[in-house]
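Asker: So the protein sequences, as listed, match chains A and B. Sequential numbering from 1 applies to the first sequence in full-length UniProt numbering. Sequential numbering from 1 applies to the second sequence in full-length UniProt numbering.
Misleading hints may appear alongside valid ones.
Stated by the list, open to error - Under 8 Å between C-beta atoms, here's a sample of chain B residues computed to sit facing chain A: (1) Tyr19; (2) Met59; (3) Ala168; (4) Ser245.
Derived from the structure by calculation, the hints contain no laboratory data. All C-beta atoms, glycine included, are put in the ideal place defined by N, C-alpha and C.
Below are the chains, spelled out letter by letter.
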Amino acid sequence: MSAFWLTITVLILSAFGAYAGRAQSLRVAGGDARKLHSLPKYYSSFVALGVLIPCLFVLVIWLFAQPKLIERGAEQMLNASSEPSLVMSDVRRVADGLGVAVAQGALSETEAHAPIENLRDVLGGVGVALGNEVTPDVLSAAQGMRAQEQRGNQFRMFAVLGLAALTLVFGLSRITPEFRARNAVERVVLALLITAASLAILTTVGIVLSMIFETRNFFGLHSWKDFFFGVKWAPNFRGDSELSILPLLWGTIYISLIALLVSVPIGLFAAIYLSEYAGPKTRGVAKPLLEILAGIPTIVYGLFALLTIGPLLLNTFGSGGLLGVEWMSGATAVLTAGLVMGIMLIPFVSSLSDDIINAVPQAMRDGSLGLGATKSETIRQVVIPAALPGIVGAILLAASRAIGETMIVVLGAGAIAKFSANPLDAMTTITTRIVSQLTGDGDFASPETLVAFALGLTLFVLTLGLNIIALYIVRKYREQYE
Amino acid sequence: MKENAMDNIKISAKNVQVYYADNHAIKDVNVEIEDKTVTAFIGPSGCGKSTFLRCLNRMNDTIDICRVEGDILIEGEDIYDRRVDPVQLRAKVGMVFQKPNPFPKSIYDNVAYGPRIHGLARGKADLDEIVEKSLRSAAIWDEVKDRLDAPGTGLSGGQQQRLCIARAVATAPEVLLMDEPCSALDPIATAQVEELIDELRQNFAVVIVTHSMQQAARVSQKTAFFHLGNLVEYGETNQIFTKPSDPRTESYITGRIG
């Protein structure tokens with residue numbers, strides 16, 4: 001029975017449990033629902049959830065665990081090869097191909113277990129292409145794997161269905177008029193919510209772990225001194241690449257800084273206007289409009305940088321441009337990416353600052369106005385100082401978005417890693433290099449590719465740090481007024 | 001005696017109407033408030049007493065939908081005249097709010113806020129003096145003199161409210177408006193603030209809005225009773241609480257309405 005049909009069966013059993021739970025509860029109460037501790041629907045949910053959750057849990061675990069165990073077994077069977085991962089992928093492919101062939105009728109089940117002569121043609125005939133001829137030991141490993149899989153699936157079916165029957169009977173047997181089904185269901189709901197919450201955290205942990213793992217591989221192949229303290233970014237395929245993060249970090253910080261210089265004043269002023277001066281009508285129109293800006297995909301901003309801002313700057317600062325200077329040689333530059341990223345961040349900064357300024361109690365404004373201060377005096381001397389920690393938090397959040405931003409810099413900043421203070425130079429950032437190192441057709445196990453993970457991890461640590469500080473500040477600020 | 005009282009009029013309101021959009025919140029109120037006297041506004045919630053109080057320093061201007069008609073004269077000058085700058089007016093008519101609202105600044109800067117924006121001090125020494133005088137007149141100097149640099153938000157509720165009173169006093173106002181200044185305070189802090197209000201009477205005309213009739217009886221010399229936007233009765237506090245002339249006033253102070 002496939003996992004799909006198994007799930008359907010469990011669902012049906014659980015639905016039956018829901019029905020039977022309700023019927024049983026009414027039966028033990030002698031038909032009078034008032035004698036029960038809980039409403040009949042709680043007994044019904046209790047039995048249904050009691051079947052559903054353990055069975056699906058076991059099924060999911062099984063789906064993850066079985067292939068791992070079988071592959072480990074097959075690996076031990078082969079054991080001699082020099083490139084275990086490559087051979088294993090062949091074995092995997094042959095095993096899957098045999099399954100397809102049986103399903104399409106090109107092979108019978110017994111044929112699939114016997115040695116096969118022209119395996120490549122047979123599998124080619126059902127649409128599974130194999131790179132090279134299949135050696136007998138790969139074939140036998142694949143067949144062994146398939147047999148184990150079939151046996152495993154059978155066990156899985158018995159285990160899950162058995163568990164379903166068991167939990168169904170157990171659930172029904174628990175029902176008495178005194179049984180507190182309502183409280184039991186409450187606990188199950190709580191457990192579900194906790195699971196959902198911890199999944200988000202576990203995913204983060206998983207991401208970090210996978211990054212750490214690949215980063216360790218990278219540092220096994222490349223010196224960490226060069227990565228953190230070198231001065232040059234020059235990947236090549238001769239094996240003597242210089243892969244230092246510093247020029248990339250410089251580009252990243254420079255572009256982010258320009259983006260913040262653009263977005264913070266404009267965003268903050270927009271927020272002050274919206275929260276302090278604009279009437280409800282203007283606010284009702286302007287605020288959603290600003291927030292729509294926040295929803296524009298960053299690739300669109302990237303195109304804007306590439307097609308509009310870049311040429312505009314080039315026509316101003318480039319040779320033959322408006323100023324008659326030759327400061328800029330191409331449309332991609334730190335300033336191009338920085339300006340556009342700044343525009344992208346304006347709604348982000350203004351929306352957050354607006355919330356924070358609005359959280360300053362009206363009493364504070366009244367106090368200042370009541371002393372004869374004007375509106376702008378009140379804003380400058382009372383509202384902004386009161387909101388300052390929150391605004392700093394908002395700026396840090398914006399900074400961490402700027403540092404992690406990818407598409408705008410890919411299209412707008414250029415690809416040259418260097419230390420330069422000229423904002424009209426093309427430079428590159430950490431994110432751009434991650435993209436280009438991973439999208440090339442280089443060997444995955446080479447330092448030139450793996451460096452992407454080290455870069456990614458550094459970026460992650462950087463933005464995580466910024467976010468933690470920012471959230472801490474914002475939270476501290478919120479507490480002040482609650 | 002009658003002549004004397006007339007000379008003593010600080011604020012005189014004539015035919016004041018207030019509308020919030022279509023809602024007629026204050027209906028034709030006429031009242032004369034005396035200088036160096038505590039006047040209490042009492043009445044059930046929503047009766048318009050706070051709204052009327054906020055007309056006296058044009059705080060209602062900050063609410064878009066609010067419209068005020070009629071004349072309010074402070075020492076004979078119409079404060080709703082076009083030549084009057086509401087910002088200047090509010091320095092002359094100080095206000096203390098329901099909830100203590102110290103600014104997130106030091107105690108010193110809180111009190112110095114008004115004098116600084118109005119340029120009242122000629123130098124640092126002068127400003128120091130204004131701050132000390134204001135804190136003394138708000139009866140909080142002894143408690144805070146050693147920590148003027150500490151944040152005003154770190155004080156207790158009663159201390160915060162007295163700090164806010166010091167802040168209002170620092171701009172040298174002629175009238176002090178208090179909108180339920182004790183409603184967020186415990187009984188001990190309330191007693192301190194009430195004592196302070198009695199002292200402030202020496203120098204200012206004090207108008208206090210209060211929910212507590214005992215408080216009105218304790219601190220005020222004159223009482224005005226508002227009901228549904230009307231000024232029902234206005235007179236000596238003693239008389240209002242012992243021999244009210246209007247049956248609605250009597251119902252309110254005996255607890256039958258409100």
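Asker: All hints, please: hold or fail.
Answerer: Hint by hint, here is what the structure shows:
no.	hint	in the structure
1	Tyr19	violated (18 Å)
2	Met59	holds (6 Å)
3	Ala168	holds (7 Å)
4	Ser245	violated (34 Å)
Checked against the numbered hints given earlier, this structure breaks hints 1, 4; the rest are met.
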